[in-house]
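Participant: Okay, here's what each chain looks like letter by letter:
Number of protein chains: 2
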Amino acid sequence: MSEDETTSLSIDTQTLGTMHAADIADLFEHTTPTEHALIMSILDAEKRAELLVYLDARERRDLLGLRSPAQIAELVGELESDDAADVIGELEEQTQIRVLAAIESEDPNEAQEVRALMDYPADTAGGLMQAEIASITFGATASEALEALRASQDDADSMHFIFVTDQQGRFIGVVRMARLALAHPNSPIAEIFEPKFVDVQAHVDQEEVAQLFAKYDIITLAVVDKNEQLLGRIMVDDVLEVWAQEADEDAFRMVGSDADELQYQHNPFRLAFIRLPWLLINLVGSAATGWMLYLFQGTLIDHIVLITFVPVITAMAGNVGAQSAMIMIRNYAAGRDQERSVWRHLGRESITGIFIGGPCGILLGVGATLWHGSWHVGLIVAISLFLVMTVSAIIGSLAPSIFRRLGIDPAIAAGPFVTTANDLIGIAIYMLVAATVLSSL
Amino acid sequence: MSEDETTSLSIDTQTLGTMHAADIADLFEHTTPTEHALIMSILDAEKRAELLVYLDARERRDLLGLRSPAQIAELVGELESDDAADVIGELEEQTQIRVLAAIESEDPNEAQEVRALMDYPADTAGGLMQAEIASITFGATASEALEALRASQDDADSMHFIFVTDQQGRFIGVVRMARLALAHPNSPIAEIFEPKFVDVQAHVDQEEVAQLFAKYDIITLAVVDKNEQLLGRIMVDDVLEVWAQEADEDAFRMVGSDADELQYQHNPFRLAFIRLPWLLINLVGSAATGWMLYLFQGTLIDHIVLITFVPVITAMAGNVGAQSAMIMIRNYAAGRDQERSVWRHLGRESITGIFIGGPCGILLGVGATLWHGSWHVGLIVAISLFLVMTVSAIIGSLAPSIFRRLGIDPAIAAGPFVTTANDLIGIAIYMLVAATVLSSL
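Chain order of the listed sequences is U and P. The opening position of the first sequence corresponds to residue 1150 in my numbering, with each subsequent residue numbered one higher. The opening position of the second sequence corresponds to residue 1150 in my numbering, with each subsequent residue numbered one higher.
Check before you lean on any hint, since a few could be wrong.
One copy or any two copies: either way a pair holds, since identical chains are not told apart in the list.
Derived lysine-lysine pairs resembling DSS-like cross-links, with alpha carbons at most 30 Å apart [stated by the list, open to error]:
1. Lys1345 x Lys1375
2. Lys1196 x Lys1345
3. Lys1364 x Lys1375
4. Lys1364 x Lys1196
Read the hints as simulated data drawn from the structure, not as lab findings.
My request is simple: use the sequences and hints to build the entire structure.
Facilitator: Have a look at this one:
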């Protein structure tokens, strides 16, 4: 278990020194600005910098707002290049320029690295990577390699896999640090070398990057340019964050909202603004469903019991559609790509829809007959529910792949848009079946 | 990018030898049983074993079904203990016993390790951990530590962090392999040691384990017993799998289904069976909503235009509720625990509900007045939609924490159960508002 959260600042310097930056960040959330200043003064430079990374964007902004560009540059200088680029990227543009200038005067190389990283879009391999790369050449021996790595000992914290390059500097594989450390000093690298099986270019989308980590069970991924020269490396902890981000994105899309909500949890007005667009589309869509009912008002007035089943039809249409969409949505999200099997998926969902719609239709039909004492009503709702559920399953199963081909996130297919469409089609089917059955009596 | 998939078996021995087991598993899915046998005969023992881990459960079963317990024992012997336990755990009980006996005759220690791991529930820290632990004592020097680790060189593949124990064998911290390898041989471990900030006991739930990895950005987590003795370690790649599993579980629960669907993707009958329970509850719930309409049939017959807005009320109630539930569901799922702030959450969602319900109510009211030429209808739907959306937001915001306290997955709160409850309450509000406004005219 992690250490208990301390909510009053009765912790001494030593305790704070041994705490993980993530726990200090928790402590930060429950203390006052005065206590923040005290904590910052106790921490050493490295911990202070790490703390920055673990704070909420908002608290980070507050904390950095109190500091000069030179002080920010000093703090950020302790970070790995990707974290440094992320922290600087959040600052206002003028402050960014001043902080980068301050870094440049101390360490021109670092400033260049950070600038290069800031140029990559945040949601690509380039945006995730860090510029620190521990690499050795294929021709070396174990002891030569270790000697070379000692030169960049500052970056040893994440040196679990060492990249190996050929004479042209091309990335050709990895050596595990443990194999290197335990090898005989004169062993050639070739003996403990593992040829590369995967790398990415900087423009690759972060979702694809996350899927590669999951597929190959790796903890480091090399980022290369077109000539297989190493640009940087992506560490698995940054990928865990991507994973959490993508899960948030999908979940909010499924309810017709956006993961931006998480940033505005304290602002109901912003939340309303984020949620309204889909709700308004849904409002219009469901009014169209209402219009469909209105068209059949004659039938409804003559047989008012039929309105009893309007909520059943819309609820079941929506739910069945979302269920049928979900398998495809999850397959896409997890990289279990089934592009080739859209038709198989459609076939399966149609049959599942029939298996589901059958019993539900019969059950509702029998229930309606007993309730209203009219087998006409029972027949109408049984046929309608069966048809509606089968059709909704088909629509739900097609929506994710259609959205995907249009470049829209398939997760939307479980959301209000498809649900509303299914409501509309469901009510149309219900009214048509009712009119048909009643007119043929 | 990963190497292209080869769909015909035109690959030579050498190519296969350098392929990652995950890619060979892909290849397996697209080849015939005869080709499978060929591939297996080409691979070396270690790759063959690794391939097992990357295959689908179904293909693994087919592959192992052809082999004797002794052959399975030999294959599994190449795996890390957690993978071995998982593979054996999937076999039939009689085969399990025979395979374990075969392992025992070769290596009694390994058999004991695997048996111990198989006793832990799969979804706990114990179920995730492997028994291989590289550990050294705090008093050693770097060169002594490396010497000690050479004895367990077989397990070097995942030796990124070395656990450090005190004289009583208690887990007290870690040393990074890179720091150890690059340290001066006579350096005491104390110099490169990092005191422990987290560990878990074997019974801890896998979701909590995954959250610890995300919180602390770690790649290895120590599993200890009550006396802080090391039992095993959990690696981040196994946690990525947990993450994917939990995401699947939540997603399917949100549509009133179950992640078991993924195992039965080719069996529509099973799919229907998995989806039906919630649909039937939903069927009854939405019939209750219909019954509510039926109670007010007098009002509806006299003012048939009111039925136009039934689908609007139910659709908006459901969507708003799911949106309000989602923030809490995601906070819980990602370990952004907000138990203390249920009331703050409720307050915020109520206000958001008002901000959303206001414009939607006014819009629908104006639209209804223009459409049906009756400001009574406009007034009724405006008041109703406003109330319904606000109340649904409140219910949606409370449901996840109520479910959680009852020991139910909060993800269900975005599913059909709450949606159906909101439909029912929504229609009740609509009809009561209609009856009240109409009777006061």
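Participant: Each hint needs a verdict: does it hold in this structure or not?
Facilitator: Going through the hints against the structure:
Taking identical chains as interchangeable, the C-alpha atoms of Lys1345 and Lys1375 lie at most 30 Å apart only when both belong to the same chain, with a minimum of 16 Å there against 42 Å between chains. For the identical chains of this complex, Lys1196 and Lys1345 are inter-copy neighbours only, at 15 Å across copies versus 35 Å inside a copy, given an alpha-carbon limit of 30 Å. For a Cα distance limit of 30 Å, the shortest separation of Lys1364 from Lys1375 inside one copy, 23 Å, qualifies, whereas the shortest one across copies, 35 Å, does not. Within a single copy, Lys1364 and Lys1196 get their C-alpha atoms only as close as 33 Å, which misses the 30 Å cut-off; across copies the closest is 16 Å, which meets it.
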